[in-house]
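Asker: The primary structure of each chain is shown beneath.
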Amino acid sequence: MGALLVGIGAFLARTENWRAYAPLAGDPAATGGSHEHEQGHGHKPSGIIRWLTTVDHKDIGVLYGTYGVIAFLWGGVAVLLMRLELTTPTSTLIEPSLYNALLTSHGITMLFLFGTPIIAAFANYFVPLLIGADDMAFPRINAIAFWLLPPGALLIWAGFFTIPLPVDIGPAQTSWTMYAPLSAQQPNPGVDLMMLGLHLTGVSATMGAINFIATIFTERGENVTWANLDIFSWTVLTQSGLILFSFPLLGSALIMLLLDRNFGTTFFAVEGGGPILWQHLFWFFGHPEVYILVLPMMGLVSWILPKFAGRKLFGFKFVVYSTLAIGVLSFGVWAHHMFGSGMDPRIRASFMATSLAIAIPSAVKTFNWITTLWNGRIRLTAPMLFCIGFVSNFVLGGITGVFLAAIPVNLVLHETYYVVGHFHYIVMGMIAFAGFGAIYYWFPIVTGKMYQKTLAKWHFWLSMIGVNITFFSMLLMGYLGMPRRYATYDFNPALAPLASVELLHQVTTFGAFLIGLGTLVWLWNIVQSWAEGPEITDPDPWNTKRDGLHGREFAWFEEQLAADGKLATTDGGEASDASRGSSELRSDGGEADEEQLATDGDAEEQAQPTDD
Amino acid sequence: MGADRPEATAPDRRDKTSPWPVVVVLGIVLSEVGILFNLYPVSVTGLLLFTGSVAGIVTEAGYAVRPWRLLVGLGAAFVVVGLLIVGSQVDGGLASYLDAAARDDGIVQRGYTVAAAGAIAALVGIVGSRTVDRVVFR
Ligand code: HEM
Ligand SMILES: [Cu+2]
Chain D
1 MGALLVGIGA
11 FLARTENWRA
21 YAPLAGDPAA
31 TGGSHEHEQG
41 HGHKPSGIIR
51 WLTTVDHKDI
61 GVLYGTYGVI
71 AFLWGGVAVL
81 LMRLELTTPT
91 STLIEPSLYN
101 ALLTSHGITM
111 LFLFGTPIIA
121 AFANYFVPLL
131 IGADDMAFPR
141 INAIAFWLLP
151 PGALLIWAGF
161 FTIPLPVDIG
171 PAQTSWTMYA
181 PLSAQQPNPG
191 VDLMMLGLHL
201 TGVSATMGAI
211 NFIATIFTER
221 GENVTWANLD
231 IFSWTVLTQS
241 GLILFSFPLL
251 GSALIMLLLD
261 RNFGTTFFAV
271 EGGGPILWQH
281 LFWFFGHPEV
291 YILVLPMMGL
301 VSWILPKFAG
311 RKLFGFKFVV
321 YSTLAIGVLS
331 FGVWAHHMFG
341 SGMDPRIRAS
351 FMATSLAIAI
361 PSAVKTFNWI
371 TTLWNGRIRL
381 TAPMLFCIGF
391 VSNFVLGGIT
401 GVFLAAIPVN
411 LVLHETYYVV
421 GHFHYIVMGM
431 IAFAGFGAIY
441 YWFPIVTGKM
451 YQKTLAKWHF
461 WLSMIGVNIT
471 FFSMLLMGYL
481 GMPRRYATYD
491 FNPALAPLAS
501 VELLHQVTTF
511 GAFLIGLGTL
521 VWLWNIVQSW
531 AEGPEITDPD
541 PWNTKRDGLH
551 GREFAWFEEQ
561 LAADGKLATT
571 DGGEASDASR
581 GSSELRSDGG
591 EADEEQLATD
601 GDAEEQAQPT
611 DD
Chain Z
1 MGADRPEATA
11 PDRRDKTSPW
21 PVVVVLGIVL
31 SEVGILFNLY
41 PVSVTGLLLF
51 TGSVAGIVTE
61 AGYAVRPWRL
71 LVGLGAAFVV
81 VGLLIVGSQV
91 DGGLASYLDA
101 AARDDGIVQR
111 GYTVAAAGAI
121 AALVGIVGSR
131 TVDRVVFR
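Protein sequences, first through last, are from chains D and Z. Counting from 1, one number per residue, gives the positions in the first sequence under this note's numbering. Counting from 1, one number per residue, gives the positions in the second sequence under this note's numbering.
Where hints are given, some of them may not hold.
[To be verified] In silico contact screen, one side only, chain D against chain Z (beta carbon under 7 Å); selected entries:
id, residue
1, V6
2, I8
3, L12
4, V55
5, D56
6, T88
7, W147
8, L148
9, P151
10, I370
Think of the hints as simulated: they come from the structure by calculation, not from any bench. Here the structure is a predicted model, which is why all the values come from computation and not from measurement. Just so it is clear, CB atoms sit at the ideal spot from N, CA and C, and this is done for glycine as well.
Using the sequences and the hints given, assemble the complete structure.
Answerer: Written out as structure tokens, the structure is:
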């Protein structure tokens, strides 16, 4: 530990040093204030030190993105192992205890280590660009929020790393909901480590949320008002509000659970607060959490989908209002996760009412997206395909949610695969889809390259077909009564249709591998295109200027290209889209328009083939 | 809000880096793990890194001119917290506190660890303000 302190001292001394000698730096002794010496012209250090010390929102966005992708891959591997096990009713490939551990890790990884961070990646990179800010309001807090995540992940996964070691620490088997008394009584220290890790990621999310709220309130550019704030920033703002009110609660509940586990308190013990208390606290956080994940993704789709429909987002204001409505309502529905827990039926009924009500703003959004497409000039680029897939999957995911919110239906389907199907239509079919769409859409800005169009389409179709095979057969299994979270289903065929269930499980596994295959195609495409793809010289790769839908982020990109001397000359870069009438050469297209809408670009066709 | 931050006025004239965030994080992580599992070298290191780097980052961001007073304040706060934790397990005056230190009681040990780390941080702050300022900053 002492050596560690010395090492850190050396690191600090070294990094402080390069700043002191940065070109143009003022003499710190002369200026007196300790921060003045930062005013030297910005030269980033190189290599790993640059990434360890950066407080630039774009770098941090890239860090968040890389982190999210790594988590996504681990979560995917975990679930494919589980799916292989489930091709047969008995336990063949892995022990049930390992199955439970993978299940827990998959859920927590995907929600906390992939979902929340991947949104933070887009928000960090693009919200400042979209609102015309120089950076986040608190750049250093931004860096702290990111750096809390890697140790968080190491702690959450710690139990897996210790499997080969001769210690008595294993992966947690609590499932992501960590229900007491199970979670309070498992003696495995891996559970404590996981909860500490979760606590860290919660602190991280809260810091990030405070930063986004401050940024959007105080750092907007001169001509960015509340009236023309873009839809993505609106959803990030709402999401940050939800985080602010829910994550600290999760953090506190986790600490109470840790105290129960290690210090003999009785918050969630039967003789104390009772196990149901955990469920209330957890879901008071847990339901807003699902909207924390989906709202910004809805914002991304609302931003990108119009660009490829050639029309402004239909009913912009109502999309904003519905976002706010969902934000508020999402705190009033948590007990729909507990209908079977023996609550007072009158309370239960009121939660059913609020849950059904949340379908209204959700449907408003759906109709707005569909209306935006209506009579539009649709161009099926990869980002657009993912947006349309998103809307389609929301119809299934949302409606199954409404069914589940009806108490009589819920009591039958609760804890079956129907629930798993419902929320995976949303978390995979929407959250991951919007993420992929946004990655394709902004790939030129972040990497300066263009991705490979054909591979992207393979990725989409494999994912879309895979999602619908996998999760629709889960809905069917739910109707057959297959309970969720079991490693085996070797029940008596006289009690339930075992053959059908087994077949559906195999179909589900097949679909999951289609998704896995699509993901590999995506990974290859991104890595290879980033490394070797053609450099982008066209500041409007999606051809959005023509429709007056050029966003601020691409205007920024244009400045960037111009500054680097990479901007295509008028007859060079423009030549490729001549066919599509790139007549609108207003330097920053529609971005001054009241509602900032995105539009379309046939870009994909032109940016890809030839580069100069 | 942006106005009182130096970088808001000269966004492109800085290297957009800071060595402190990773240290703050390391401090938080080691303190949490150390305190939960009662590993006092880990807790003390973690708390020292945490208090030190918070003082450092606040100074670097321009919210304070010198880190020392904040370091003393944070250290003192941890002394109070640590003693409160000990106090939750003992009744009576000074003697019973001293007694408790000898006891094999995990909670008391954690309390004393926190208090000791805070005391070291505060001490470093006091010493720093008397010596480093004079030498480095004149
Ligand atoms: C149309 C709005 C929605 C309604 C009415 C709704 C309703 C429900 C209900 C009643 C349940 C409990 C099922 C049960 O365990 O018996 C549930 C579970 C779940 N929902 Fe939704 N939902 C909606 C949208 C969403 C969205 C947008 C997400 C994610 C972003 C989501 C994610 C989840 C998750 C993760 C669970 C399962 C939690 C668990 O037990 O592990 N839902 N939903
Ligand atoms: Cu819910």
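Asker: Would the stated hint for V55/D survive a check requiring a Cβ distance to chain Z of less than 7 Å?
Answerer: Holds, about 5 Å.
Asker: Checking hints one by one. Is L12/D an interface residue toward chain Z, by the C-beta closer than 7 Å rule?
Answerer: 5 Å, holds
Asker: Holds or violated: is the Cβ of D56/D closer than 7 Å to a Cβ in chain Z?
Answerer: 4 Å, holds
Asker: Against chain Z, run the beta carbon of T88/D and see if the smallest gap drops under 7 Å.
Answerer: 40 Å, violated
Asker: Verify the interface restraint on I370/D: the C-beta must sit less than 7 Å from at least one C-beta of chain Z.
Answerer: 40 Å, violated
Asker: Hint check: is the beta carbon of L148/D less than 7 Å from a beta carbon of chain Z?
Answerer: Holds, because the Cβ-Cβ distance from L148/D to chain Z comes to roughly 5 Å (cut-off 7 Å).
Asker: Does P151/D hold up as a contact with chain Z if the rule is Cβ-Cβ below 7 Å?
Answerer: 4 Å, holds
Asker: Is the interface hint for I8/D satisfied, with its Cβ closer than 7 Å to some Cβ of chain Z?
Answerer: With a minimum Cβ separation of about 6 Å from chain Z (threshold 7 Å), the hint on I8/D holds.
Asker: Under 7 Å is the threshold here; is the Cβ of W147/D close enough to any Cβ of chain Z for the hint to stand?
Answerer: 4 Å, holds
Asker: Taking the least C-beta to C-beta distance, is V6/D closer than 7 Å to chain Z?
Answerer: Nearest chain Z Cβ about 11 Å off; hint violated.
Violated hints, listed in ascending order, are 1, 6, 10; each of the other numbered hints is respected by the structure.
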